[in-house]
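Colleague: Protein sequences appear in the order of chains A and B. Residue numbers for the first sequence follow our numbering, beginning at 1 and rising by one. Residue numbers for the second sequence follow our numbering, beginning at 1001 and rising by one.
Fair warning: there could be bad hints in the mix.
[Claimed, not checked] With the Cβ distance kept under 7 Å, some of the chain A side facing chain B (calculated, not the full set):
| hint | residue |
| --- | --- |
| 1 | A43 |
| 2 | V44 |
| 3 | S47 |
| 4 | A48 |
| 5 | L51 |
| 6 | A52 |
| 7 | K54 |
It is worth saying that the hints were derived from the structure and are not from the lab. Cβ coordinates follow ideal geometry from the N, Cα and C atoms, glycine included.
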Amino acid sequence: MIVGEQKSIAEIREIIAPYRKLLILGCGTCVKTCFAGGEDEVAVLASALRLALKKEGKEIAVEEFTVERQCEDAFIQEAAAHISPGTAVLSLACGAGVQAIARRFAKTPVLPGVNTTFIGVLDKQGLFTEECLGCGDCKLAIFGGICPVTRCAKKLLNGPCGGSQKGKCEVSPDLDCAWQQIIERLKILGQLGNLRVYVPPKNWKSSHAGGPRKLVREDHII
Amino acid sequence: MESPFKPEITVFHCINAFPDVEGLPLGQGENFSIKAFKLPCTGMVKDVYLLRAFEAGADAVLVFACLQGQCRYVEGNLRAAKRVKFVQKLLDEIELDGRRLALFNIAAGDAAAAAEILHKALPELVKLGPNPAV
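The task is simple: from the sequences and hints, build the whole structure.
Modeller: So this is what it looks like as structure tokens:
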């Protein structure tokens, strides 16, 4: 999932300051799972903003709505009924959702309420870890399903650096050594031979370094 | 002469902590008013309920949960404590003062303890004054 974190109230207040009518728009997919922008977070933020504004005697109408996914036009359309002239949308989706909303409602100011942070997994309740860099050239098959591009601080592709201690990375004691994990996993899988496979230097052209990417599926285009 | 400030207190309580506020030995002629919400477990207290209580005019919100380790649903009171802490931080951020919100753990059925806590908390709640967002 895409993991994000809600911006601070102070920053959000700065962003919404010029507007008098606000729709806080949640997204019921990734950011809901990471407690940044689902229906509950929309309700909490709306309530906190209403209290803050009322305390200062400011009159801003704050409405709440959540769609299933802000990155798909079919779901975005449901928000149309809540967007009238003069409304600014504070999107609690990831950056893709914010931009999809901006694209759909060309004359409406669309503001980000969340900092999109990484592609990750729910490691345990309340803990999200980065697992994928979206490099566009996945080699997980030879690394036993553990990505050194994302999880090795040095992004090493051909074995450990030798600096880890007790399974922890020398860059940070909080960080597990990805290569130790890869080797342990390959042992379990009986695939230690994978360590002899030379992985050439990564061509980052397929990653974001090559500019904004596009995926075309001709079989789905009518 | 201006009448003394009587804080409006919203109470969320677990029915295992005490069944209802009417049964609390609060005495006569109290200098506060109470609006109570009973819950099967304080684990049901969501962040937004606490905030909306302030929106609805509460000067203070108190949550009464069971003692740690004695929640019938194992971790409901722990969850409530985490949520209260989160909302306290939020209240501080919007300058409403996180001290307007508090959680207290009491033994099951100890209505006297709940009443005593209310009385003890009152002077500080009075000092905080009316909810500035009302």
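Colleague: Are the hints correct? Go through all of them and say.
Modeller: Hints, one by one, checked against the model:
For the restraint placing A43(A) at the interface with chain B, the shortest Cβ-Cβ distance is roughly 4 Å, inside the 7 Å limit, so the hint holds. For V44(A), the shortest C-beta to C-beta distance to chain B is roughly 5 Å, which falls under 7 Å, so the interface hint holds. Checking S47(A) against chain B by beta carbon gives a least distance of about 4 Å; that is within 7 Å, so the hint holds. Annotation: interface hint on A48(A) holds; nearest CB of chain B at approximately 5 Å, less than 7 Å.
Interface hint at L51(A): satisfied, since its Cβ lies 4 Å from the closest Cβ of chain B, which is below the 7 Å cut-off. Taking 7 Å as the C-beta contact cut-off toward chain B, the hint placing A52(A) at the interface holds, the least distance being around 4 Å. At about 4 Å, the closest approach between the beta carbon of K54(A) and any beta carbon in chain B falls short of 7 Å, and the interface hint on this residue holds.
The earlier numbered hints are all upheld by this structure, with none contradicted.
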